[in-house]
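Enquirer: Chain by chain, the residues run as shown.
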Amino acid sequence: MSLADWEPVIGLEVHAQLRTKSKAFCGCPVVFGAPPNTAVCPVCLGYPGTLPVLNREMVALALRVMTAMDCTIHERSIFARKNYFYPDLPKGYQISQYDRPLATGGGLEVSAQGRTRRVTLNRIHLEEDAGKSMHEFPWDDVPGGVSLVDLNRAGTPLVEIVTEPDIGSAEEAFDYLGKLRRLVRWVDASDGNMEEGSLRCDANVSVRRKGETRLGTKIEVKNLNSIAHVKKAIEHEFERQVEELEAGRPLRQETRLFDPGAGVTKPMRSKEEAMDYRYFQEPDLGDVVVPPDLLDEVRASMPELPAPRARRLESALGLPAADAETICSARPFADYYESAVAHHAENPKAIANWLLSDLLGRMTDADRLAGRVPLPAAHLAGLVRRIDDGTISGKIAKELLPELIASGKSPDALIDEKGMKQVSDEGPIRDAIAAIVNANPKQVETYRSGKTATFGWFVGQVMKATSGKANPAVVNRLLKEALEG
Amino acid sequence: MTPAEIEALLDGPATALAAAVNAGAVPASELVERALERAARERERLGAFLALTPETARRQARDVARRVAAGEVLPLAGVPLAVKDNINVAGEPSTAGSRILAGFVSPDDATCVARLVAAGCVVVGKANCDEFGMGSSNENSAYGPVRNPWDLSRVPGGSSGGSAAAVASSAAALAIGTDTGGSVRQPAALCGLVGWKPTYGRVSRYGLIAYASSLDQAGALARSVRDAAVAFSVMAGGDERDSTSLSSRVPDVLTGLEVGCEGKRIGVLVEAGAEAGGLHEDVKASFEAAARLFSAKGATVVPISVPRVPLAIPVYYLVATAEASANLARFDGVRYGARVDAPELSSLYRKTRSQGFGAEVKRRILLGTFALSSGYMDAWYGRSMKVRALLSRDFAAAFREVDAILCPTSPEPAFRLGEKTGDPLSMYLADVFTVPASLAGLPAISVPAGFSKEGLPIGMQLIGPHDEEPLLFSLARVLEAGTHASERRPPAP
Ligand SMILES: [Zn+2]
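Note that the protein sequences, when read in sequence, are chains D and L.
Position 108 of the first sequence, counted from 1, bears residue number 108 in the working numbering, the numbering being contiguous throughout.
Position 349 of the second sequence, counted from 1, bears residue number 349 in the working numbering, the numbering being contiguous throughout.
No lab work stands behind these hints: they were computed from the structure.
Some clues are possibly wrong.
[Said to hold, decoys possible] Per label pair, the in silico range of CB-to-CB distance:
id	chain 1	residue 1	chain 2	residue 2	range
1	D	K132	L	A102	51 to 59 Å
2	D	D276	L	R41	29 to 37 Å
3	L	S346	D	E196	26 to 34 Å
[Claimed, not checked] Here chain D is said to cover these stretches of chain L; the calculated rule only asks that three of the stretch's residues, wherever they fall, bring their Cβ under 8 Å from a Cβ of chain D:
id	stretch
4	91 to 104
5	237 to 245
Note that CB positions come from ideal geometry on N, CA and C, so glycine has one too.
Modelling step: build the complete structure from the supplied sequences, incorporating the hints.
Expert: See below:
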């Protein structure tokens with residue numbers, strides 16, 4: 001027996017913080033990094049007598065995610081209370097959705113190990129976030145420190161996106177999360193930032209022998225703070241569970257925490273200690289009603305989604321699949337590309353090459369996500385146009401790039417200013433060739449004796465003599481004439 | 001105005017007092033001092049108040065004086081108001097009758113308080129109540145019981161017992177309470193007052209310390225139907241801070257207050273006559289007399305059955321306690337109120353809640369937690385919600401036959417302090433006639449309709465369809481005018 005006889009079955013629960021201006025059920029602003037307990041009010045502190053009021057913007061943003069994932073959106077859904085005690089949960093219950101969520105079904109296409117398939121969703125529902133607890137915080141002479149609570153995050157709007165136990169490998173999980181993060185950002189619903197916690201993921205992992213259809217014992221893994229951690233934790237959990245089962249030790253349903261330092265999961269609580277959340281309908285809020293015209297409005301306002309957009313760039317503009325995928329990794333980045341193409345529609349491939357090879361290398365990940373390319377799209381298009389029409393060579397263009405970026409000047413202005421315009425006039429090129437042929441009789445003889453490989457050396461000499469401005473095509477033709485007579 | 005005239009004004013209807021203030025016949029500042037003296041007296045004698053609010057009262061009285069001087073006419077100008085202690089008044093303590101909220105000060109006014117104050121009311125104190133509104137005798141207050149001004153050895157009813165005692169003793173001209181299963185109507189009946197609960201959602205719940213959110217409503221207790229109707233017209237209305245409040249137009253209860261009952265069909269609740277424990281014979285007599293009175297005044301009086309009324313008590317004690325188990329989870333000693341410190345979290349919770357909550361509150365939290373727990377949820381909470389829906393259907397069917405339903409508010413007049421404290425189930429039965437309207441979200445009003453042989457007040461209840469408050473107030477007015485029961489006042493201190 002070995003790992004090859006087994007397969008993991010994975011389900012993911014992702015919490016995405018919605019980019020609303022205010023919290024889910026009160027008027028407090030949604031902020032990150034503010035001083036503790038400053039973005040709070042009696043409602044989100046759970047003061048006696050206060051009541052939640054639904055932020056409609058939360059529903060609108062959630063609908064964008066649901067529409068993007070092709071979910072069935074229910075005209076009527078209800079909030080429920082999820083009851084448990086914790087100091088960062090001010091009301092002693094979380095307002096969530098339970099048996100009647102806003103959306104069910106839907107899915108996302110993922111690719112891993114050369115295989116593309118659709119991960120299906122169980123549901124997407126609305127809920128509020130809890131605050132943050134900091135444990136073992138150093139405090140005067142208290143041994144072991146104290147626990148502190150920051151309620152700024154309490155009441156922040158979330159969507160929980162739950163897949164079916166439908167994911168077959170850590171790689172698929174990795175791709176799913178990457179695509180999901182891209183999608184929630186793409187539709188402006190969430191920052192999708194796992195490090196700041198605006199995107200959080202729990203994984204349910206079980207294993208079974210290949211060919212088996214029954215699900216194994218489900219282990220929930222928490223504390224996954226990056227997409228890479230999710231992949232690592234699943235890989236580890238798969239191996240651990242197989243090892244246990246092959247050693248004849250049955251698994252029990254439990255929750256485990258991922259320790260990123262050690263790359264392993266550790267037990268947190270077992271099913272026996274599992275919570276009974278006692279869900280029941282939230283009586284302080286009415287049904288969430290999504291009338292058809294609101295849904296139409298959301299659909300009409302949706303941008304072209306990343307997957308179809310990449311396919312369109314492939315088929316309509318002839319980009320290689322990998323380039324189209326990279327360009328569609330973030331909507332502002334893709335917008336930049338298409339805006340450059342709009343300025344110079346003749347050569348989308350060259351624009352893509354410049355963007356992905358010369359410009360992307362100068363950008364941070366944040367730049368790419370925000371579409372902050374160091375060159376305005378019109379300038380990139382202008383540069384490629386001048387290469388295409390023979391005004392400058394590709395080599396000159398690369399030399400110009402740093403200054404184009406630094407000065408902010410248009411390519412045409414800079415080419416003029418620096419006199420970089422390519423020389424296509426035959427006169428000066430003939431003169432330069434004649435001078436070189438006369439000055440290097442030996443090399444000419446070598447060439448003429450059949451060692452035509454030295455042709456490149458002559459081209460180099462001509463380019464040098466013309467400060468690189470000579471049109472390479474013209475140089476090639478005239479040089480051949482001169483050498484071959 | 002002479003001091004005696006001022007005292008008479010404080011003993012009389014709120015609307016008459018407001019008229020005098022609006023007319024400039026008596027300064028609000030003078031009235032408020034006399035009212036505060038009365039409140040202090042009844043805090044001592046009856047235990048009606050948990051806190052007096054002199055600074056708030058004087059500030060509000062000054063506002064009233066200024067507005068009246070500027071020519072404004074306020075429907076409740078200068079009216080001394082008692083606010084049940086589970087309703088927030090800005091800057092004043094709210095304990096909800098519980099130790100766990102000792103020291104808690106509300107940051108803002110409940111919406112219904114703000115509306116009454118805007119209409120001229122002056123808050124003289126926070127009225128005693130059963131802890132978190134859980135009780136029918138006011139004996140579940142952590143700060144001691146309230147005595148019934150008609151007989152100091154008897155309970156005032158609950159849970160708004162302090163509010164009822166305050167108005168019955170004329171320490172306040174008006175009081176507000178919360179009614180979850182009868183907590184305004186039952187004490188009103190036991191103290192000889194008019195008390196109403198509105199259609200669910202008609203009065204905002206913002207600022208009410210929640211017991212059972214799908215049932216809780218604020219209502220008012222008054223010494224006359226007109227006072228009660230004016231309070232309704234002020235308190236009712238949509239509130240963007242309460243998503244369950246109704247934004248539809250508030251029905252006008254004042255214009256048709258005196259239209260009488262001619263041509264109306266009044267259903268006498270069959271299940272009230274068949275009540276298992278049996279009606280107190282004096283209550284039964286008043287019930288029959290009330291039916292005869294309506295008939296004599298031109299109404300058609302017919303028997304009406306709401307078959308699931310006998311199920312209302314068990315359903316109520318599952319639904320209300322289930323919601324309470326969640327609503328009271330926030331009292332954990334972490335952010336406000338009383339905390340019993342402990343070295344670790346679970347014992348902090350356990351100690352704070354064990355010492356902070358009283359026995360009845362704990363009983364209801366446990367009952368509600370059980371009703372919602374995994375494996376029992378469908379059998380208890382789930383089935384209760386189904387029966388609740390069926391009860392509403394029963395009422396809807398009944399209201400196709402009759403315009404309003406008449407039944408006693410309480411099966412018996414005020415009982416003695418301590419008489420039922422050992423037996424929670426018999427205490428729960430005190431709500432047998434009030435709980436059905438709560439579960440169905442229907443408006444209901446209790447009106448004084450007579451007295452027992454021992455001289456204790458007896459109240460009759462009128463239940464109407466949603467939004468039929470105008471009908472209920474006009475029918476209540478018929479009873480008030482016909483029985484003269486509201487004219488008799490409890491013995492002076
Ligand atoms: Zn807030």
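Enquirer: Each hint needs a verdict: does it hold in this structure or not?
Expert: Structure-based check of each hint:
no.: 1; hint: D:K132 to L:A102: 51 to 59 Å; result: violated (29 Å)
no.: 2; hint: D:D276 to L:R41: 29 to 37 Å; result: violated (50 Å)
no.: 3; hint: L:S346 to D:E196: 26 to 34 Å; result: holds (31 Å)
no.: 4; hint: 91 to 104; result: holds (count 4)
no.: 5; hint: 237 to 245; result: holds (count 5)
In summary, the numbered hints that this structure violates are 1, 2.
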